[in-house]
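Here is how the chains run, residue by residue.
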Amino acid sequence: MRTRGRLGDRLLHAYTWLIIAWLSSPIAVMILFGFNDKQSKSNTTWQGFTLRWYAELFDVSDLTVALRNSLVIALVSTVITVVIGTMLGLALGRHRFRGSGATNFLVFAAISTPELVMGASLLSLFVSGNVPRDANTIIVAHVLFSLSFVVVTVRARVVGLDPSLEEAARDLGASAWGTFRQVTLPSILPGVLAGAMLSFALSIDDYVVTSFVNGSTVTFPLWIVGAVKTGIPPQVNVMGTLIFGIGVLIAIANAVAARRRA
Amino acid sequence: MTGLSAIELEDVVKEYLSHGEVVQAVKGVTLDIAEGEFFSLLGPSGCGKTTTMRMVAGFEQPTKGLVKLHGQDVTNVPPNRRDVNMVFQSYALFPHMSVWDNVAFGLKQKRTPADEIRRRVGEMLEIVDLTGRERRRPREMSGGQQQRVALARALVNRPRALLLDEPLGALDLKLRQAMQIELKRIQREVGITFVYVTHDQGEALTMSDRIAVMNDGLVEQLADPREIYERPATAFVAGFIGTSNLLTGAAAGGVLKVGGGRVLVPGHDGDVTVTVRPEKITIGTEEPAPELSGVRGTVAEVVYLGTYNSYAVNLADGADGTVITVFEQNAHDATATAERGDSVWLSWQAQHSYVIGS
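Which chain is which? The protein sequence lines are A and B, in order. Going by the UniProt record's numbering, the first sequence wraps up at 262, each residue one higher than the last. Going by the UniProt record's numbering, the second sequence wraps up at 358, each residue one higher than the last.
Everything labelled a hint here was simulated from the structure, so no lab data went into it. Certain hints may be false.
[Said to hold, decoys possible] Computed footprint of chain A on chain B, listed as stretches where at least three residues anywhere in the stretch have a Cβ under 8 Å from a Cβ of chain A:
no.	region
1	67-81
2	94-107
[Stated by the list, open to error] To give a feel for the contact side, a few chain A residues facing chain B, derived at Cβ under 10 Å:
no.	residue
3	Glu115
4	Ala168
5	Arg170
6	Leu189
[To be verified] Now the in silico label distances, taken between C-beta atoms and shown as ranges:
no.	chain 1	residue 1	chain 2	residue 2	range
7	A	Ala109	B	Thr131	53 to 63 Å
8	A	Phe108	B	Asp73	17 to 27 Å
9	B	Asp224	A	Ala257	48 to 58 Å
10	A	Asn104	B	Val23	21 to 31 Å
11	B	Asp115	A	Asn254	51 to 61 Å
12	A	Phe105	B	Gly191	52 to 62 Å
13	A	Ser100	B	Gly46	21 to 31 Å
14	A	Val83	B	Arg133	31 to 41 Å
15	A	Ala257	B	Asp73	20 to 30 Å
16	A	Glu115	B	Asp200	56 to 66 Å
17	B	Gly321	A	Ala176	33 to 43 Å
18	B	Thr75	A	Val83	31 to 41 Å
For each residue, glycine too, the CB sits at the ideal point set by N, CA and C.
Generate the whole structure from the sequences, applying the supplied hints.
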């Protein structure tokens, strides 16, 4: 019995590490090939270690523009999404009103709609409305598909929030706005931040919807897909590594803050 | 009590729309709560006591009627501009703030100078015995401590009245009894009007100067604890506060013939309902003297409860199977006067029969 238990434990360990390796292998490859001292056009075989691509990070000017576009679009759409989504989440989590059921359904529908459908229908909407496609239409599209995620995370916090907290604040002399700023917002902040991170992540790597509504604006994912045929420069790996690194840092900071709160 | 009115409700009605139907939670309540009074709203859940208090705090708008604080009509004044503070059933302490910031919250809203905030919060924490715990978060504290933070957070604003919504409900019995005494001490110390909502009759009797017993959206009786207990105005009050025996029948010439005996109800004729408390009744085997009320019955159950014996006595000729409860103080020896199956006489003095709603 005892040996079999040990064997089972070992198998479980091996299996666990295998899954972890499998999940992290694309990330490892991305990071690794950012250091590849490649000579040929393609960056697919390991040819030696270099820090050259970190030094020449912004040397591919089209790529730099595309990354900057993506960052600006992600930031702007995240801010808009968080403001609208928080208000929606508060309303849906706190009140029952005429149309709240339909709104809840729409939120779910927006999450489950295939991106292709959303992109194609947005394109026909913009074309028939004679709206020129550029960074603004990309932002509109990104707000549209990230909004539901902020609504869902905020609504979950609001539902778990004791309504007498806000009453207590009013009772102690706080105005409606003061109550929101000092009591409601700090209480739902984890939900708001989670929603913000989700919508930033969704925006910065979106390809499908963006490809329908971008006009002549090129974003980071669009540029990479376009460069596949001619060979993706190692700078893409470096940028990917940096974006991933920032994401990891935010996740760690969040975990530390959560531990301090608990 | 100075006799001044701290809180007045004038024929206040509160209606809700529930599933398309109008429900009256409060059906016309008129109250006049005096300055410095410890006033309780007592009743079962759903009787409208919490709704009544929330209308005083300003969280609910009356459908009809007026709410006045110190003579001023505040019916349409929002809660943040009413000079009353509330202690919530769930305490509603701000979880992201320290004890100190929780208590200082109200003063900060009023832009009180920083040194005054420091002084008053410090004093208040001393009154509720929480000095040294300023930096704690609410969730790091016990229920009793959270309760005292909630109290301090409300009282530090020196409100004209403090509203307490079943504040001891979440505490265990020992702590609850300790907090009852504590609350009374704090109320004496700060001299503020307390309005206390509870469904616990013991709590209301222990602490209150006056009690309004509510049932089904109406005040059934408004009086001091002794009056409520000794002279309940309605059958509901008699049944809700403590244990009560009800005897009904037609009285003739000030005597109600019932249970093979008589209940003396001087000055009453016709159909009456008489209430008598179990501890006023003496149990014995001899027919009582004629100046006492006396009824006959058979002991159905004897329960030994330490400080007293409790008897359930089936009334003789009680066509409706009336059962009389009797408490016998365990003053001398631990043996009960009567046993199950014994035929007994129950007697009490005429003054302890109280005719309800006559």
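For each hint, the structure was consulted:
1. Under a criterion of three residues with beta carbons nearer than 8 Å to beta carbons of chain A, the stated coverage of the region 67-81 of chain B is upheld, 4 such residues being counted.
2. A count of 5 residues in the region 94-107 of chain B with a Cβ less than 8 Å from any Cβ of chain A is obtained; the coverage claim is therefore met, three being the minimum.
3. Violation of the interface hint for Glu115/A is found here, the shortest Cβ-Cβ separation to chain B being roughly 37 Å, above the 10 Å cut-off.
4. Checking Ala168/A against chain B: minimum C-beta separation of about 4 Å stays under 10 Å; hint holds.
5. About 5 Å separates the beta-carbon of Arg170/A from the nearest beta-carbon of chain B, less than 10 Å, and the hint is met.
6. For the restraint placing Leu189/A at the interface with chain B, the shortest Cβ-Cβ distance is roughly 8 Å, inside the 10 Å limit, so the hint holds.
7. A C-beta distance of roughly 56 Å is found between Ala109/A and Thr131/B, which places it inside the suggested range of 53 to 63 Å.
8. For Phe108/A paired with Asp73/B, a C-beta distance near 47 Å fails the hint of 17 to 27 Å.
9. The hinted window of 48 to 58 Å between Asp224/B and Ala257/A holds, with their beta carbons roughly 54 Å apart.
10. Asn104/A and Val23/B have their C-beta atoms about 26 Å apart, which keeps the hinted 21 to 31 Å range intact.
11. Remark: the range hint 51 to 61 Å for Asp115/B to Asn254/A is contradicted by a beta-carbon distance near 38 Å.
12. The hinted window of 52 to 62 Å between Phe105/A and Gly191/B holds, with their beta carbons roughly 56 Å apart.
13. At about 27 Å, the beta-carbon gap between Ser100/A and Gly46/B stays in the expected band of 21 to 31 Å.
14. Between Val83/A and Arg133/B the beta carbons are some 38 Å apart, a value that agrees with the proposed interval 31 to 41 Å.
15. Between Ala257/A and Asp73/B the CB atoms are about 48 Å apart, so this pair departs from the stated range of 20 to 30 Å.
16. In this structure the supplied range 56 to 66 Å holds for Glu115/A paired with Asp200/B, their Cβ-Cβ distance being about 59 Å.
17. The hint said 33 to 43 Å for the Cβ distance between Gly321/B and Ala176/A, and at roughly 59 Å that hint is violated.
18. For Thr75/B paired with Val83/A, a C-beta distance near 36 Å keeps the hint of 31 to 41 Å intact.
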